[in-house]
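Below are the chains, spelled out letter by letter.
There are 2 protein chains.
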Amino acid sequence: MRIGYLGPEGTHSHEALRRVAGPDDVPVPHPTLQAAVLAVHEREVDRAFVPIENSLEGAVNPVLDALAFATNDLEIAGELLHPVHHHLIAGGPVALDAIRAVHSHPQASGQCARFLAATLPRAAIAAAASTAEAVRHVAGRPADAALGTRLAAELYGGTVLREAVEDDPSNETRFVWIVRAGEASPDAAAAPSPAARRKTALVFWGSGSRDPGWLVGCLSEFASRGVNLTRLESRPRRQALGEYMFFLDLEGGGEEPGVADAVAALRARADAVRVLGSYPAAGAPPG
Amino acid sequence: MRIGYLGPEGTHSHEALRRVAGPDDVPVPHPTLQAAVLAVHEREVDRAFVPIENSLEGAVNPVLDALAFATNDLEIAGELLHPVHHHLIAGGPVALDAIRAVHSHPQASGQCARFLAATLPRAAIAAAASTAEAVRHVAGRPADAALGTRLAAELYGGTVLREAVEDDPSNETRFVWIVRAGEASPDAAAAPSPAARRKTALVFWGSGSRDPGWLVGCLSEFASRGVNLTRLESRPRRQALGEYMFFLDLEGGGEEPGVADAVAALRARADAVRVLGSYPAAGAPPG
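Same order as they appear, the protein sequences are chains H and A. By my numbering, the letter at position 212 of the first sequence is numbered 212, and the numbering carries on one by one without gaps. To convert, count from 1 in the second sequence and add 1000; that's my numbering.
Derived from the structure by calculation, the hints contain no laboratory data. Watch out, some of these pointers could steer you wrong.
Pair ranges (Cβ atoms, derived) [to be verified]:
{"id": "1", "chain 1": "H", "residue 1": "Ala70", "chain 2": "A", "residue 2": "Ala1070", "range": "48 to 58 Å"}
{"id": "2", "chain 1": "H", "residue 1": "Asp168", "chain 2": "A", "residue 2": "Pro1169", "range": "34 to 44 Å"}
{"id": "3", "chain 1": "A", "residue 1": "Val1028", "chain 2": "H", "residue 2": "Gly92", "range": "38 to 48 Å"}
{"id": "4", "chain 1": "H", "residue 1": "Ala196", "chain 2": "A", "residue 2": "Arg1267", "range": "47 to 57 Å"}
{"id": "5", "chain 1": "H", "residue 1": "Glu183", "chain 2": "A", "residue 2": "Pro1121", "range": "39 to 49 Å"}
{"id": "6", "chain 1": "A", "residue 1": "Gly1253", "chain 2": "H", "residue 2": "Met1", "range": "50 to 60 Å"}
{"id": "7", "chain 1": "H", "residue 1": "Ala272", "chain 2": "A", "residue 2": "Ala1113", "range": "20 to 30 Å"}
{"id": "8", "chain 1": "H", "residue 1": "Asp97", "chain 2": "A", "residue 2": "Arg1100", "range": "33 to 43 Å"}
{"id": "9", "chain 1": "A", "residue 1": "Asp1024", "chain 2": "H", "residue 2": "Glu243", "range": "31 to 41 Å"}
The beta-carbon is built from N, C-alpha and C at its ideal position, and this holds for glycine as well.
Start from the sequences and build out the full structure, keeping to the hints where you can.
Here it is in structure tokens:
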């Protein structure tokens, strides 16, 4: 199976994907998350494996927007929680005080800011397009280091100088499988046991959204039926400020009566409701 | 008055600030939005002028997070809606077919993707740290162009080849004034007439947020009093996936009975409620 992800090789996405891909799967790197999602729609890949939410940074907006705007034939078929660790990587076993510059994606540098200030106070912080690019860059440069994955160190010949230097050790990312609607094969998703509880993702919007009670009314269709919301994100409709769409994650499969009734009631209030998928909820990630 | 903003000189932030700054104001560029906000807390500047929401990209998360996490002595004192136009700028009056590379911040390049594909299909797209850096970079490079502001073209000696090449002409950003709490001077904010309606911004979170009806109950305190919500954003509490805080914008000043009563009722449901400010609502932006 061909699986799209955010490249280049050695990114956190690639590392998470290797946890769940089978021996016959072919990971296919894409330059952007939108490209990875659209590749499913265009049948260039069989599915995509993309981050949708991080515990520090919040929603991964390009994925939400691709699901809402770019196409309407895709759905979420599964999820995986993956811990995010940034390692300090150099081209070889150099001493920390020989490092003059630390390269990484700005988000990774920001997540290691306290470590960098305490341990490498004289090193310049340099921006790279991805953590994987940063690790590739430092190979053969003895005064440079990068923040990136262990996989990138293996792929590009780097040496891990210090492990897990992120300031917040609870940093984790939720990844989802994106498939063409109706083509989900549960075994290929990160499927827990068959008894696992299910979740449903949907997006809705409506012209009533400027009325005081509109959003509350929409959400109360779920609350009144005891359906738990695990997530609510608002995103612009890309028309004007103040026009939003709302992404909901619910506990329960779309076919369960409480969820199905609530979605039907929501359709009566909203201009548009799109169910983005029902799938088994992930358990807690391994350390 | 010293006013912090996201630099370097010539950014969209700088351009918007020049619309509202007075002759005695001193714009002070900062390398990040978080630094601009914290400079108010640290009394390095008197106030900051920062983007908080864009019609295409959504919430400006570093500003929301700085208001929620970094300090609790700041408040929002005013807002301004500013249209976002990207111009194609070169070091001189070169022909379009001589351009080999177009530099800009990736967000700007993305917002001009259709223009670039149609008009400059053979030019490489190069990433810069900001639109202003991109314009500064192309000065003296005859085969390079940048996407940036008219102000940057003036500051760095660029020539505007094509105006407003963004794909979506309705692109606009909402900026806010950040001041130390209790030090707002309405005349310095982008203040509409005194009769303008007011808005209130707040953030709240609570340990009940995993109960089905918790968020609905919180929001219904506003709906039941006829208080309109103009915006709802969820952001991670930076503790674990599934722990959120919610940013609300409301119509009405914090002292108005409906708003004050609703906030008091919200305090009974939430672990924490922080009013981030009440300020005059901006009108529609000029062209």
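Outcome of the hint check:
Between Ala70(H) and Ala1070(A) the beta carbon distance is about 35 Å. The supplied range of 48 to 58 Å is therefore violated. Against the hinted window of 34 to 44 Å, the Cβ-Cβ separation of Asp168(H) and Pro1169(A) comes to about 40 Å, which satisfies the hint. Distance hint check for Val1028(A) and Gly92(H): the Cβ-Cβ separation is about 42 Å, which falls inside the suggested range of 38 to 48 Å. The given range of 47 to 57 Å is broken by Ala196(H) and Arg1267(A), whose C-beta atoms sit roughly 37 Å from each other.
Checked against the hint of 39 to 49 Å, the C-beta distance between Glu183(H) and Pro1121(A) comes to roughly 34 Å, which is inconsistent with it. Restraint check, Gly1253(A) to Met1(H): a C-beta distance of roughly 57 Å satisfies the suggested window 50 to 60 Å. Range check, Ala272(H) to Ala1113(A): Cβ separation about 25 Å, and the 20 to 30 Å hint holds. About 41 Å separates the C-beta atoms of Asp97(H) and Arg1100(A), a value consistent with the hinted range of 33 to 43 Å.
Separated by about 38 Å at the C-beta atoms, Asp1024(A) and Glu243(H) satisfy the suggested range of 31 to 41 Å.
Of the hints listed earlier, those the structure fails to meet are numbers 1, 4, 5, in rising order.
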